[in-house]
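Number of protein chains: 2
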Amino acid sequence: MSAVDCPFHLIQGAFTFAEDEGFSLESGGALQPVTIRYAQYGEPNAARDNVVLVCHALSGSAKVDDWWPELFVEGGLLDLEKYCVIGTNILGSCYGSTGPNSISAETGEPYGSEFPLVTISDIVRAQALLLDSLGIDKLKLVIGGSIGGMQALHWAMDYPDRAKHAIAIGTAPLGALGLALNHIQREVIRLDPRWNHGSYTDDKSPSQGISIARQIAMLSYKSATLFDERYGRKLNRNGEDPWQHHSARFDIGGYLDHQGEKFVRRFDANSYLSITRTMDTFDPVRKYASAKAAYSRIKAKVTLVGISSDWLFPPQDVRKLAENIGKYGAECDYREIQSSHGHDAFLAEPEKLAQVLGDGHEIDV
Amino acid sequence: MSAVDCPFHLIQGAFTFAEDEGFSLESGGALQPVTIRYAQYGEPNAARDNVVLVCHALSGSAKVDDWWPELFVEGGLLDLEKYCVIGTNILGSCYGSTGPNSISAETGEPYGSEFPLVTISDIVRAQALLLDSLGIDKLKLVIGGSIGGMQALHWAMDYPDRAKHAIAIGTAPLGALGLALNHIQREVIRLDPRWNHGSYTDDKSPSQGISIARQIAMLSYKSATLFDERYGRKLNRNGEDPWQHHSARFDIGGYLDHQGEKFVRRFDANSYLSITRTMDTFDPVRKYASAKAAYSRIKAKVTLVGISSDWLFPPQDVRKLAENIGKYGAECDYREIQSSHGHDAFLAEPEKLAQVLGDGHEIDV
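Here the protein sequences come in this chain order: E and R. Counting in the working numbering, the first sequence runs from 1 upward without gaps. Counting in the working numbering, the second sequence runs from 1 upward without gaps.
Please keep in mind that the hints were generated in silico from the structure rather than gathered at the bench. Careful, some of the hints might be misleading.
Given that identical chains are not distinguished, each listed pair holds provided it fits within a single copy or across any two copies.
Pairs of lysine-lysine, PhoX-like flavour, derived with a Cα cap of 20 Å [said to hold, decoys possible]:
id, residue 1, residue 2
1, 287, 234
2, 234, 320
3, 327, 301
4, 352, 234
On a predicted model such as this, the values are computed, not experimentally measured, just so you know.
Could you build the full structure based on these sequences and the hints that come with them?
Set out below in structure tokens:
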């Protein structure tokens, strides 16, 4: 644990636990040991009832201020004058928690592509063990977008007595198109000869595969409207002419390549494969056998937020999930962000998120 | 030229021409010689004014009855009692016309990835030369969907005196999202090590790359609604369980892999690269310097048909193109197919196309 220079009072740490039989997973596999990287902003109050758990999406990290800095403003959702904020890196990721690059105690080698399937429930159970170790029993709020929202909902179902309020943004079980996009992205990574069945080194990673996968994902994170406004049919800004050379790109092609290249430098291919599988399997009804069994467990107030232009998690799917949760007794509220930013709006337009959640108010009103 | 056994009176042929300087292309390159594969259904009448030119989309061929058989019904759009129907394979394709697999007279080798950029205008000019050779001066109708519609529109602009009516379905200049999808598909093909910079043999072609590219394209040809209805979150029909094995797929993944595998057997990677580039560059305003200059040339009646669930060529883009064409004097009509089939509706639901075009009526009413 080390405090770092930061505008916040931030503690970054890593909690490692080893259950006797390993940390058993829903899929039947096990991890041994398990490390959960976390970041803690501020301190719990004396009653220890002001803790907000922030759950990240696919490529995020425990460091919430890296990707949701705007929410830390005074009067905001993560106002540290009121709340102690904790972020944790999810299992399968490459930002400090146990993932495909971790050494398996069984083999003494990195898991690589043998890293077992991790479900959202597994991630949440590991988070709960971390919070136990920090002496935090209750959460004032658990919040996240996308896969982060899946975690927030599993908190409400799996630990009904621990979270007072769960907010999930752009979250629902993936539909067929979303499953298809993940399927294709994984195939692209595996097509890169440098993927080598998951055995590669940092300096010879499947960079092209992961770059293209990221480009596909970027399409699903944004909207056609936004792309038309920003890029339309403009030629690539470096002056390439698609009427002349086969390798010449339109502006959108240059943008996507740039996004892909940026992503290669900060994300790992096996983690990407692992987390998209985790995302696919989110389906509360399956875990609890029926919608009633799943949603009637919930005691937390639940807020689901759809995004008008989101086509990865379409607002009608989010609304339907909210209606299903509400049907079985949980207090569940649906709100919608009007944005052309697509799925990404929860990161790109945090002010709109704050607005639909009631800026300047207590989070549980 | 050979007549084949067919429910139609069908002539299949190939017309080869070699201009002195080669067939010069808009991009500055040239092809020498040029072969255009065609299929002729029925015979022109005495006045030679009953010819319908049918233009195919990305992966189609001259054999219109292979992909639009329903339109040949009595009273239908391609009723051979009334019309002589001609289909031609586009430049760049792998179905008999000059494309990347053809031998370049200059090098004595297949063009491969050196095949020059072909525009829609180039394709249409080659078609016009073919029709000249067949003694067909005027077209009663030129019709096509997607890239086929681009050809129909260029007929109306490039040869204003030759076509009486042009019908384009699901056609507009590609927007940023469409350009992005093509960009990514090309990157995927080039990622396949068997692509080998365009030099491969039939038995060692980049089958995985082209399979994945096709899968991406399939998403853009259909709609999320259709996929949810057909596949939803169902497990793959062969019993794979995504909660157990990393390679296990949902039904949509199995469907996409199947589509990819089927496509590999019938299409060539370099042709795919070439034709998606052709598709990207369609932009009538660019060729003629202004919308007014382009659209005021048109003398044909123009009918543009949008498809309600098409997100590759969104109906609002097709409608906007129709409005622009109409603005400069051409008689231009916009109609819309209500369908959940996405872009593919012009092939998947031909009865709806016939309906919006006025089934049972003469095509030019």
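Now for the hints, and whether the structure bears them out:
{"no.": "1", "hint": "287 x 234", "in the structure": "between (47 Å within a copy, 15 Å between copies)"}
{"no.": "2", "hint": "234 x 320", "in the structure": "between (38 Å within a copy, 18 Å between copies)"}
{"no.": "3", "hint": "327 x 301", "in the structure": "within (13 Å within a copy, 55 Å between copies)"}
{"no.": "4", "hint": "352 x 234", "in the structure": "neither (29 Å within a copy, 35 Å between copies)"}
Hint 4 alone, counting from the list given before, is not met by this structure.
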